[in-house]
Amino acid sequence: MTAESNAMIEVKNLTKKFNDFTAVDDVSFDVKHGEIFGLLGPNGAGKSTTIRMLATLTRPTAGTIKIGGQDVVKDDDRVRRLVGLVSEKVILYERLTAKENLWFFGKLYNIPSDILNQRIDDLLEMVQLSQWKNAKAGTFSTGMRQRMNVIRALLNAPQVLFLDEPTLGLDPQSSVEIREFVRKISKESKTTIILTTHMMVDADMLCDRIGIMDHGKIVALDTSKNLKKMISGADHNILNLDVANLTTRAVASIRSLKCATSVSQESSTRLKVHTTGDEAFDTIIDTLRAEKCRINSVEHLEPSLEDVFLHITGRDVRDKADQKPSMQSEHRHFMMPRSRVR
Amino acid sequence: MSVKSLLTHSFMVAWKDLMELFRNKMGLAMLVVMPIFMMGMVGFIFPSSSSMGHVTIGLANEDQGYGSYLNAGSALAAGLEEINNSTGQITITHASSLSEVQDMIQRGAIDGGIVISRNFSSSIASGKQGTIIVVTDETNPQMSSVMRTSMTNLFQQIGTQVARQNVEWLSPDVNASNSLAVVAPYNVQTEGAVAGNFNYFDFMAPGLMAMTVMMSVMTGLPAAISHEREVGTLDGMMVAPINRLAVVLGKTLAQTARGLLQGTLILVLSMALFGVTIHGSILLIFALLLLGVFSFVGVGIVLTSFTKDQETATMVMTSIMFPMMFLSGVFFPIQQMPWFMQNISQMLPLTYAATALRKVMVFGAGVPAITTELTILIALGIIMTLIAVPVFKRAMTR
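As you go down the protein sequences, you meet chains A and B in turn. Position 159 of the first sequence, counted from 1, bears residue number 158 in numbering that gives the first Met the number 0, the numbering being contiguous throughout. Position 137 of the second sequence, counted from 1, bears residue number 136 in numbering that gives the first Met the number 0, the numbering being contiguous throughout.
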């Protein structure tokens, strides 16, 4: 055990099963103090279940989690004092005012009234909601609700903040606000932040390190830069070709090439090709010429996280974006507590 | 310290729930309307067994008389008409025969009938009993039974009058002052355990109060918690360093307050509208209601732990509520039920709460008179809580 290391969170062999379904499968990772750590993956990959276990809301089937040196299962109350949770569903009572909502949750942390009053004012000020202090939360816009959702999690000045899909369902403007706010919290109060997302921008713009999750496993874990390096370099390239008279036959011949690992036609003239091998570039150009295609331009693309995900899993992140199998099984499991594997 | 925290957090949860309740205008309106509706419905639908309002009776005098003797049937019919005119309780329609009376009942023209038999006068003249037939409508059991008893009573009284005259006429020792004692030596009087005028509401109001308060907690608790689970706000409480029980305790407090409000409303309504009087101590009544909640809250917690969403919770609640309503002696006395049903009702806490409350409200009973019920309620409460707490804690950290 790496005692007194600068790891704020240590996750070892974490597994969660819901009946026969393994939502999280033998996951291990550490999160450093003050780091912004992202769990990226499609819905149903096990991100939310992982966060829920970290936040003491779901009990692991196997494995251990330590937050600030405290075991999440054994010392759950101590861990709860350390963490804040911004869950996917907005935690807000519609019929209570902004202040009453914050007051209620603040009192659950035994914060003395005078300190709590001050903190509520500060937090509302921080997200420009001061003028709505005594307005009912039910009247708030989606963006305002999400800002409330975030400051609610900050009431106890947590050392670790969990954000589960913080930008889900937000308009671009609100998404930007939330991202900037998260960065600000991280910078100003040295809060360790773990966030889950299936939005590449979130992960790319915010996270110091990213764990890519798929089917309950972390399939890659590194900084955004290093992850992208995995699929670029001498052996691997992404080409963006602009061809004036792109024919289906030409596309088909490119697809049949061994050196083209993935081909996607993005418009009537644009073709995006992942390639391997040193001679890939020449081979592709030759093939297009043989098809009598006129090449307007060839662009050597910087790989995105999306490309990384595609490369590792062979699928697009958004393939399964609308499904939510893990939530379903959680509820089903709840009905039958006897079958829980302890 | 931890108990203090538990209580503080519970009060916060209760405060939050009550704030939500009082800001929900529609919900609040229903809260008030429900008892009014309930009282009105139960009060006006269930008939009170003694009165007979606006009853139409077919009278057929088939009596053929007996020679020169007075036609006794006509005299009886005339007597009935006279009673009818003086009380106005019944409307008499004339019919010619038993079969016509039966026909009229079948058509729904009359509620019941009286038929004076063909040989009424001749029987009396020859020293036999005269036969009067009361015809009832079997499709209306309540009305039939009322008809049967009140008509039997009426003719018994008329008969007694006739008998007195006969006896006075037969013996010189009998006169107007002692003839009644000769004909009917026993004077039967009924008196309740407490003086006063009681109606069906005096029986029902205590049970209805107990039911409303206890049901409000039992249905409200699982519904409230599964609602918060669905919306996601439950996670906000669960991620805070609070005892898991604070959530359930706080919600119980809020639901109890809601139930007591409704219970009080029922009490006020039944006093104002239906003339119910309280003979016992108000404090004891509220203490009993709270004890009822305590005896019952465990059931609610267990159900909360096992129901995944609000819809299921509501369905489970409804299927438990209905049998309980009818088996706990709130609307019908338990003694009227078959033995196996009585066994079931003896297992329901509501039965004891309703019985104890009835004793206090109607008899003005004090604690000594209801020790059995108190003991059972407390014991049930302790047992259910002991079962519910670990079940709930387990369910909350899946």
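Note that these hints are calculated values from the structure, not bench results. In this text the structure is predicted, and so the values were computed from the model without any measurement. Backbone N, C-alpha and C define an ideal beta-carbon position, used for all residues, glycine too. It is possible that part of the hints are untrue.
Beyond 12 Å from chain B on every Cβ pair, some chain A residues (computed) [unchecked claim]:
1. D24
2. R77
3. L81
4. G83
5. G137
6. N148
7. N155
8. P157
9. D241
10. N244
11. V262
12. L309
With a straight-line Cα cutoff of 16 Å, these simulated EDC-like cross-link-like pairs (lysine to aspartate or glutamate) come out [said to hold, decoys possible]:
13. B:K307 <-> B:E229
14. A:K135 <-> A:E93
15. A:K216 <-> A:D29
16. A:K11 <-> A:D24
17. A:K98 <-> B:D234
18. A:K98 <-> A:E124
19. A:K65 <-> A:E99
20. A:K183 <-> A:E99
21. A:K88 <-> B:E190
22. B:K24 <-> A:D75
23. A:K11 <-> A:E93
24. B:K392 <-> A:D75
25. A:K88 <-> B:D234
26. A:K228 <-> A:D241
27. A:K132 <-> A:E99
28. B:K392 <-> A:E9
29. A:K227 <-> A:E305
30. A:K65 <-> A:D75
31. A:K216 <-> A:D203
32. A:K135 <-> B:E19
33. A:K216 <-> A:D76
Evaluation of the provided hints:
Residue placement check: D24 (chain A) keeps its beta carbon more than 12 Å from all beta carbons of chain B (closest about 18 Å). With a least CB separation of 8 Å from chain B, R77 (chain A) falls inside the 12 Å interface cut-off, contrary to its annotation. Interface exclusion of L81 (chain A) from chain B breaks down, the closest Cβ pair being 9 Å apart, not more than 12 Å. Distance check on G83 (chain A): its Cβ comes as close as 8 Å (rounded) to a Cβ of chain B, failing to clear the 12 Å threshold; non-interface status is violated.
With 12 Å as the threshold on Cβ separation, the claim that G137 (chain A) sits away from chain B is violated: the shortest Cβ distance comes to roughly 9 Å. With a least CB separation of 9 Å from chain B, N148 (chain A) falls inside the 12 Å interface cut-off, contrary to its annotation. Listed as a non-interface residue, N155 (chain A) fails to keep its Cβ farther than 12 Å from every Cβ of chain B; the least gap is roughly 8 Å. Against chain B, the non-interface label of P157 (chain A) is violated: not every CB pair exceeds 12 Å, the least being about 10 Å.
A cut-off of 12 Å between C-beta atoms confirms that D241 (chain A) is not in contact with chain B; the least separation is 47 Å. For N244 (chain A), the shortest C-beta to C-beta distance to chain B comes to about 54 Å, beyond the 12 Å cut-off, and the non-interface label holds. At roughly 42 Å, the least C-beta separation between V262 (chain A) and chain B is larger than 12 Å, which holds for a residue marked as non-interface. Separation of L309 (chain A) from chain B is adequate, the least Cβ-Cβ distance of about 32 Å exceeding the 12 Å criterion.
Of the supplied pair hints, the one linking K307 (chain B) and E229 (chain B) holds, its CA atoms being roughly 9 Å apart against a limit of 16 Å. Our distance criterion of 16 Å between C-alpha atoms is met by K135 (chain A) and E93 (chain A), whose separation comes to about 6 Å. A distance of roughly 15 Å separates the Cα atoms of K216 (chain A) and D29 (chain A); the hinted pair therefore holds under the 16 Å criterion. Only pairs whose Cα atoms come within 16 Å are accepted, and K11 (chain A) paired with D24 (chain A) is accepted, the gap being roughly 11 Å.
Between K98 (chain A) and D234 (chain B) the CA atoms are separated by roughly 19 Å; this puts the pair beyond 16 Å, and the hint is violated. For the suggested pair K98 (chain A) and E124 (chain A), the alpha carbons sit about 12 Å apart, so the restraint of at most 16 Å is met. Distance hint between K65 (chain A) and E99 (chain A) is unfulfilled; the C-alpha atoms sit about 33 Å from each other, more than 16 Å. Proposed proximity of K183 (chain A) and E99 (chain A) is contradicted: the alpha carbons are some 25 Å apart, above 16 Å.
Between K88 (chain A) and E190 (chain B) the alpha-carbon distance is near 65 Å, which puts this suggested pair outside the 16 Å criterion. For a cut-off of 16 Å, the pair hint linking K24 (chain B) to D75 (chain A) is broken: about 39 Å separates their Cα positions. A threshold of 16 Å between alpha carbons decides the hint, and for K11 (chain A) with E93 (chain A) the separation of about 39 Å lies outside it, so the pair is violated. As the CA atoms of K392 (chain B) and D75 (chain A) are separated by approximately 13 Å, the hinted pair is consistent with the 16 Å bound.
Restraint check for K88 (chain A) and D234 (chain B): satisfied, since their Cα atoms lie roughly 9 Å apart, inside the 16 Å limit. A threshold of 16 Å between alpha carbons decides the hint, and for K228 (chain A) with D241 (chain A) the separation of about 24 Å lies outside it, so the pair is violated. For the hint linking K132 (chain A) to E99 (chain A), the alpha-carbon distance of about 9 Å falls within 16 Å, and the restraint holds. Proposed proximity of K392 (chain B) and E9 (chain A) is contradicted: the alpha carbons are some 26 Å apart, above 16 Å.
Between K227 (chain A) and E305 (chain A) the CA atoms are separated by roughly 9 Å; this keeps the pair inside 16 Å, and the hint holds. Between K65 (chain A) and D75 (chain A), the direct Cα distance comes to roughly 10 Å. Compliance with the 16 Å bound is thereby established for this hinted pair. With a CA separation close to 20 Å, the supplied pair K216 (chain A) and D203 (chain A) exceeds the 16 Å bound. This hinted pair checks out: K135 (chain A) and E19 (chain B) have alpha carbons roughly 11 Å apart, not beyond 16 Å.
Under the criterion of a C-alpha separation no larger than 16 Å, the hint pairing K216 (chain A) with D76 (chain A) is inconsistent with the structure, at around 28 Å.
The structure fails to meet hints 2, 3, 4, 5, 6, 7, 8, 17, 19, 20, 21, 22, 23, 26, 28, 31 and 33 from the earlier list, while all remaining hints are met.
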